[in-house]
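One line per chain: the protein sequences are A and B, in this order.
Take the first sequence: its letter number 231 is residue 230 in numbering that gives the first Met the number 0, and every next letter is one higher.
Take the second sequence: its letter number 76 is residue 75 in numbering that gives the first Met the number 0, and every next letter is one higher.
These aren't lab readings, by the way, just hints derived from the structure by calculation.
Where hints are given, some of them may not hold.
Where chain B lies over chain A, by a calculated footprint (3+ residues, C-beta under 8 Å) [to be verified]:
1) 4-11
2) 87-98
3) 218-228
4) 269-278
A short, non-exhaustive set of chain B residues, derived as facing chain A with CB atoms under 10 Å [to be verified]:
5) Leu-51
6) Ser-79
7) Ser-90
8) Phe-91
9) Pro-103
10) Tyr-104
11) Ile-148
12) Leu-161
Capping the alpha-carbon separation at 20 Å, the derived lysine to aspartate or glutamate pairs in EDC-like fashion look like this [as the list claims (entries may be wrong)]:
13) Lys-26/B to Asp-63/B
14) Lys-53/B to Glu-234/A
15) Lys-64/B to Asp-6/B
16) Lys-179/B to Glu-124/B
17) Lys-133/B to Glu-88/B
18) Lys-53/B to Glu-226/A
Bear in mind that the values here come from a model prediction, so they are computed numbers and not experimental data.
Yeah, the Cβ is synthetic: ideal placement off N, Cα and C, and Gly gets one too.
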Amino acid sequence: MNNSLSIQRRLVLVVLPLGLVLLGALFTGISYGSSGVGFGDMVRILLGRAGPDSVAAAIIWEIRFPRVVLAAVVGATLALGGLVFQALLRNPLAEPYILGVSGGSAIGAIIALLIGLSPFPGVATASFAGSMLVLVLLIMLAAGSSFGRRDSLLLGGVMINALCGAVIMFLISLAQNTQVQHVLFWLMGDLSIFSRQQLPVLLTVLPCFVLIFILARPMNLLLMGRENAAVLGVEVNLVTNLLLVATTFMVSVAVCHSGLIGFVGLVVPHILRLAIGPDHRLLVPASILGGASYLIFCDLLARSLPAAGEMPVGVITAMIGAPLFIFMMWRARR
Amino acid sequence: MNAVRVDNITVRAGGKILVDGLSCEVKESEFLVIIGPNGAGKTTLLKSICGLNKVQSGRISLYDKPLGSFSRRDLAATMSLVPQNMEMEFSFSVAETVLMGRYPYLGMLEQEKRADHEIARQAMEFTRVDHLAKRRLDQLSGGERQRVIIARSICQQPRIMLLDEPTAALDPSHQLTIMKLMQRLREEQNTTIIMVSHDLNLAAMFAHRIVLLQEGRAVQSGIPGELLVPEVLQQVYGCLMHVDTHPVTGTPRVSLVP
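Could you build all of it, start to finish, from the sequences and the hints given here?
Encoded structure:
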C-alpha cells in the first residue's frame, strides 16, 4: 500500500472496499437458505413491502437475520482478538483459540449451563471469568521468561488449550444425555441458536472495538517491544491491560453466543497484513470488517456444503485455518 | 545545570544487586561515555535513567526535577533511548518507524501534521537514511537499521539522548559514522549524549568525560586522558592493557596485551 498517502486517505481506501464486501456478504447470507426464500423476497421484506406476518418475513427476521448478524459480530470479534494478541505477544501465530482463552471461556460457560444458570448474566459472567483465568495463567507463564518470548508462550497457550479441551470433555461426561447434544453442537461453533432477543448482550462488544481502535497507535509502537514503546512515551502497562481485558471480554461474549470457533483471528489478520501492512490504525477497522465478512462466508459454506442439514461453522474455519497455521510456522522456521 | 543527576541509587532484580549505591552527574550538552566490564551495571544505569527500571533506593533527577514527576509522555519528549535490540516481527517502513518518534507530541487520535513529517524527514537526512524511506526495516543492514533507530530517536527532539552500545554490531566505518553523528548532534542541537560502550578507543576519541563502572558502582570519572591509564584499566578489567597516544588525534589509545 502506498505509504505516502495520508492516513485518512488510506483508511478510506481500506474501509470502503471491505465495507462493500461486508454488505455483499450480509445480503448473500440473508438471501441464501434451505427454505427457498430468495433474494427477491428478502428485498421486498427489507423494504417493508411484504406482510409482517408472512412466513417468508418470519424466516428472514427470526432465523436468517439474527444468524448473519451473529456471524458478523463474532467474526469481527475473533479477528480483532487475534490481531490484539498478535500485537501484544509480537507473534503472528497468537490467537484467542490457540492461546486457550476461548477454551477457558467455554469451560466457564459450560459449568454455568450445567448448573442451570440463565444465559445472561449467569453464563456470560462465568464465561468471562473462565477466559480471564486463562489469561492470568498465560501472563504468569510469560512472567517467568521475558514477556512474549516467542514460542514458549505460544506453547504454553497450546497446552492450556489442550487442558481446557480435557476439562470440557470431563464436564460433558458429567452432563445428562439431553444436555450433551446441545453442548457438543454449541462447542463446535454453532451460529443457528441465536435469537434477536440476545442481540443487546452481543452488542456489548462494540465499545471494545472502539477502545481498541483508539489504542491502535500505541499498539503500533508495542510491536517494537515493550521497552521501545515505553521510551517513546507509551504507558505500556496501562495500554496492555486495557487491551487484554477488552479483548478477553469480547472474546468471551463471542464464545457464549457461538461456541468455539477457531483460527478466524489467525487467518483474517494474516491476509490483511499482507495486503495493507502492519499499521494498526488500518488493521483494526479492516479486521472488524474482514472478520465479519469471513465468518458470514464460512457460515454459508457450513450451511450449503452438506447435502442435508448443516455442519458447525467451527469445522470450516478450522479446516481453513489449521493448514495456514502450519504453513506460517513452517515458513517462520526457515 | 545538570541534565541528569543520579544520587546513590540501588537497583535489585531477582535477588541480585545490579546497581549498588551508584552516583553520577551529567552536565547539559556533555558527551559522556559509560564504560566497564560485563555485568558492571551499565545497561541497568541507562534503563534506570529513562525510567524503565524500578530503583529501590536513591534518586534520579532530570534538570533538577525528580524522575518520578515526569509522565511517560513528558519523559519521551525530554529524552530518548537507542536500545541494544528491537523486535521486528511485523515490520514498518523506515519512514513510518522514524515518524513514531513524534508519539509523545500527539494526542490520542491526532494525526501527524505536516510539521511532524518535516521533523521526521530532517531526522532521516541527518542520519542519511532518507533514501531508504520506503524500505521495510527488516530489509536493512545492521548499520542502516541502527541509523534508522537513531533517526527515530532524534525525531523525538530530546534534550538528552541515551545509547546502549550503539556500535557493538557494526563494522569500523559504521562505528565511526555513528560516533560522528552523535558529535554533530551535540554540536548543532546541544543534545546531551550518554552512551554505553565497550570500545575504549572510540570513547577516548569522542567523549568529553568517561564514567567507569565496576560491580554496580561508579568507581571513577574523568576526561579520557586521566581515566584511560594502564593501572586503572588493569584493576577494573583484570587484564594487561597498554596505553599510548593516538598518532592522528592525540587522544589516548588503548591496546590489549596478550
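Report holds or violated for chain B covering the segment 4-11 of chain A, Cβ cut-off 8 Å, minimum 3 residues.
holds (count 3)
What's the verdict on Lys-53/B and Glu-234/A, does the C-alpha distance respect the 20 Å limit or exceed it?
With a Cα-Cα distance of about 15 Å, the restraint between Lys-53/B and Glu-234/A holds, given a limit of 20 Å.
Below or equal to 20 Å on CA atoms is what counts here, so check Lys-133/B against Glu-88/B.
18 Å, holds
Regarding the pair Lys-53/B and Glu-226/A, is the alpha-carbon distance no greater than 20 Å?
13 Å, holds
Restraint: Tyr-104/B near chain A, CB-CB cut 10 Å. Satisfied or not?
Holds. Min distance 9 Å.
May I ask you to test the interface hint for Pro-103/B with respect to chain A, counting a Cβ-Cβ separation under 10 Å as satisfied?
4 Å, holds
Hint check: is the beta carbon of Leu-161/B less than 10 Å from a beta carbon of chain A?
Holds - the Cβ of Leu-161/B comes within 10 Å of chain A, reaching about 8 Å at its closest.
Assertion that chain B covers the segment 87-98 of chain A - criterion: three or more residues, beta-carbon distance below 8 Å
holds (count 3)
Any CB of chain A closer than 10 Å to the CB of Phe-91/B?
Since chain A brings a Cβ to about 6 Å from Phe-91/B, closer than 10 Å, the hint holds.
Count residues of the segment 269-278 of chain A with a Cβ under 8 Å from any Cβ of chain B, then say if the count reaches three.
With 4 residues close enough to chain B, the hint holds.
Hint status (Cβ of Ile-148/B to nearest Cβ of chain A, threshold 10 Å):
9 Å, holds
Below or equal to 20 Å on CA atoms is what counts here, so check Lys-26/B against Asp-63/B.
Roughly 11 Å separates the two Cα atoms, so the pair holds.
Consistency note: the structure conflicts with none of the earlier hints.
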